[in-house]
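Just so you know, the sequences run in chain order A and B.
Note that the working numbering has the first sequence beginning at 783, numbered continuously upward.
Note that the working numbering has the second sequence beginning at -17, numbered continuously upward.
Hints are not guaranteed to be accurate.
[Stated by the list, open to error] Just the calculated beta-carbon pair ranges, DEER-fashion:
#1 A/Gly857 / B/Phe509: 53 to 61 Å
#2 B/Leu485 / A/Gln1012: 53 to 61 Å
#3 B/Ala335 / A/Gly857: 44 to 52 Å
#4 A/Pro856 / B/Lys365: 46 to 54 Å
#5 B/Arg385 / A/Lys960: 52 to 60 Å
#6 A/Arg950 / B/Phe509: 43 to 51 Å
Please keep in mind that the hints were generated in silico from the structure rather than gathered at the bench.
As the structure is a computational prediction, the values presented were derived from the model and not from experiment.
No residue lacks a Cβ here, since even glycine has one placed at the ideal position from N, Cα and C.
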Amino acid sequence: MKKPYSTKNRKIICQKVFAVLLLFIPMLVFVLPQKDVSLAERRRLAKRPQIRLSTLLNGQYMKDFELALKDLFPGRQSWRSLKAVTDRTAFGRAESNGYVLIDGTLSKLPEENESARILVGAAKAINLVAPILSEDRHRVYAALIPDKNIYLSEKHPTMFPDYDALWRDVETAHPEVKWIDLRPALSLDAFFRTDHHWRQECLGDTISKLAEAMNATTQTVSWEQTLFLQGFRGAYWGQAALPIREDQLVCCRNSIVDQAKVEHLEEGKSTRVYDIERGKGRDPYDLFLSGASAVLTISNPFATEHRTLIMFRDSFGSSLAPLLIPYYEKIILIDLRYISAGNAAKYVDLSDEADVLLLLSLPILANPTMLR
Amino acid sequence: MVFSSLTFLFVFLPTALGLYYLVPRRMTNVVLWVFSLFFYAWGEPLYVLLMFATIAVEYLLTRWMDNASTGTLRRGICAIALIFALGLLGFFKYADFIVSNLMNALGLGIALPLRHLALPVGISFYTFQLVSYVIDVYRKEVPAQRSFLVLGTYICMFPQLVAGPIVRYETLREQLECPGKRTYAFCSGARRLVLGLAKKVLLANVLGELAAKINALEKSSTLSFWLLAVTFTLQLYLDFSAYSDMAIGLGKLMGFDFEENFNYPLISQSITEFWRRWHISLGTWFRDYVYIPLGGSRVSRGRRIINLLIVWFLSGLWHGAAWTFVAWGLYQFVLIVLEKGLFGRLLEKAPRAVRHTYLLVATLIGFTLFNAEHFAVFAARIKGMFVFSVYPLLTPYTRFLLRDYGVILIIAALAATPLPAKIARKIASFFSEHGARTPDESPKEHTSNVRPKCTCRTGSFSSQPKEHTINTRLKLKYRTRSSSSQSKENAHNLRLKHVFALLQTVYVVALLALSAAHLIDGSFNPFLYFRF
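Chain A with its partners taken away, still in its complex shape (with noise of 0.2 Å):
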């Protein structure tokens, strides 16, 4: 006969389970290697801290070991998951960290007061480039570089602000810039699912609307789309934690790009348009110009008329110059988080005539302070 399931039984299995959960798991934290970095989520990781007696008096040591075991828990990345599809699927949420995952795109959800951030950043992003502008040689353009939300704002309105106002409102309140409105070029596909850029490939569009704008021409250009990442997983990938299908990296090619030479000046190097090492680092993305620069200047030797751009812009404008060589002689890109328009001055000269474009993305202009 067998024996009645007694509670001594179920008392050992039961300790034996809650022993293995709490124990097992977290021990590994103190055996396996250290990491320093996390890919997902693309920031450094907090380290275990070192046990000093300051840092035990003031608390600051049991601050930093909670910090170190919840990023060096074992299989973060997945329990990050687990929560993430939780609270979406049985607690029906659409938001995970601040993104949401709506027809089949991961995007940041906008703030409540953005719109009104988003007048003030346009204005003293004006205002920084006011300086160097002259209004004999320069003819001054600017674009809001449209946002996923606003494609995705057509069929979800509640939960995005109204964007037709604000594109309105930025307009009529600087009529000194001849604006451009990019977003009947682009859509929901231009942009990557995983991550907030546009995918360069479906710029065609946007580089005619814009060359048609500035009066630039070129003969007619071929490209050829290059895939240089099957499984590229974007910036917002690893922050929402949510399963969605990795997005293709691919770039556009051409013997002029090709030949085209990259010079970082505050760094005093010289790169290709696409930096294959870069691309092949933490974030891909930096495949496009290398990644963040504060001054850089792109030559085309083929160029048959002597025509410089100056764009003003941030990491949008990393994908979309490589498409504007065809136009110009020279492009000088100026990337405003890092360094001021007078003090680009000092690497470049920006007194020659030139087409002059503002090329701001949404939540950079949202957070005006990051502007210099």
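Start from chain A and add chain B according to the hints.
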């Protein structure tokens, strides 16, 4: 250290429990006290010495009091002990409050050096436990504890050190003095701990996140004010009751029986009933050590009202050093006095739905006051809730928040009722009809004990385990092999028991995993008891 942290769950707790179970019974108090001091020192590396010193002084004073030859001397020592303990509490918690109010009242602009004194975490809880111990010794309800270790363990016990419940010494005396008499309920203790953790991390913390977002709104609406009131009320209840659940679960793991601290207060139908269900240990503390010594209800009506006023004034003040807390306490006093009069008689005759609605609205208003940093903030929120012409009814962002957190709010509201527990009991009783065990609702229903090897000096102990009880409904009826249908029934019962045990285990493990996932993600995890 807080219960809802990775450090506690995966480093401190397994180490503490492991050692606790491995050492001989007579050493368990040492382990418990050392780990409790470590637990406190982790959050308060310097104030742990203050707590230790406070316990040492009270230990000496109560020993002296117990041996006092005259009643006058006994009263004097008791007074010194109380002034010492409450004085420290007053100094750390109320010095800034008193000084700033005095300066404001006298029009002085001097900033005295007492300002911004850090409040030792849990000082309100352990001071009240010490005070109850001192008074119980004075009243000769318990003898003064001769073992400093036992007294220290009682006061410092980490399950209830920083957020209660306030446990009476008499409740734990026997178990502390005689480790062999502890009733270990590992499975139900682990289950209660995990349920409390899940309540805190999966519900209360998420509600806290919602409340923070509503507080940060630039465009408010009538709905956002109501949503804030509801969210904060649910957050406070779930957070606080979760801490009590975890404390009770931890107590069971170590063989201690703590009393329940919450009994679904939000289903009450009057404020009087509410306070019989909310933070029960604090309510009974004030009743036994303030209200009854003042005369309680055995005095004239006028005197009784004054007694209630004193109790609620002190109760409000205990919750925080600010006039809003005092006002909140007095608000409770006004409602309770009204309920004892004509209003109460009218309320009793009203339909249940009306009584419950009254309780909910009164509670929401009360906690709106509790949650306000200043009276002006409270006034603005009340205006937003009840004056419909000031704000729009709804804004798009508020609508989004309501949709995004809607399921959580519904689950939280259900968790504040006995409904989930009733459903769990129904499921368990289905299995118990077929011979499985029911989950214990009270510690005594489902306990196991080791044979006591107690060598305690005080009291007697039986050689038989006292608490080795099995619910009569759960008694198995063993049948002989002669009946094949009975064998089949036994096998079926056994399978059901396994299924039930498996379901319970899977459920608890799933909750633990989800809670861990939230903590690892670094989700919003506030500690609400920094004022205590």
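Structure-based check of all given hints:
In this structure the hint that glycine 857 of chain A and phenylalanine 509 of chain B lie 53 to 61 Å apart at CB is violated, the actual value being about 26 Å. With their beta carbons about 43 Å apart, leucine 485 of chain B and glutamine 1012 of chain A fall outside the hinted range of 53 to 61 Å. Range check, alanine 335 of chain B to glycine 857 of chain A: about 49 Å between beta-carbon atoms, so the 44 to 52 Å window is met. At roughly 51 Å, the beta carbons of proline 856 of chain A and lysine 365 of chain B sit within the given window of 46 to 54 Å.
Between arginine 385 of chain B and lysine 960 of chain A the beta carbons are some 41 Å apart, a value that contradicts the proposed interval 52 to 60 Å. For the hinted restraint 43 to 51 Å between arginine 950 of chain A and phenylalanine 509 of chain B, the CB-CB distance of approximately 46 Å keeps it satisfied.
Of the numbered hints given earlier, the model fails hints 1, 2, 5; all others are met.
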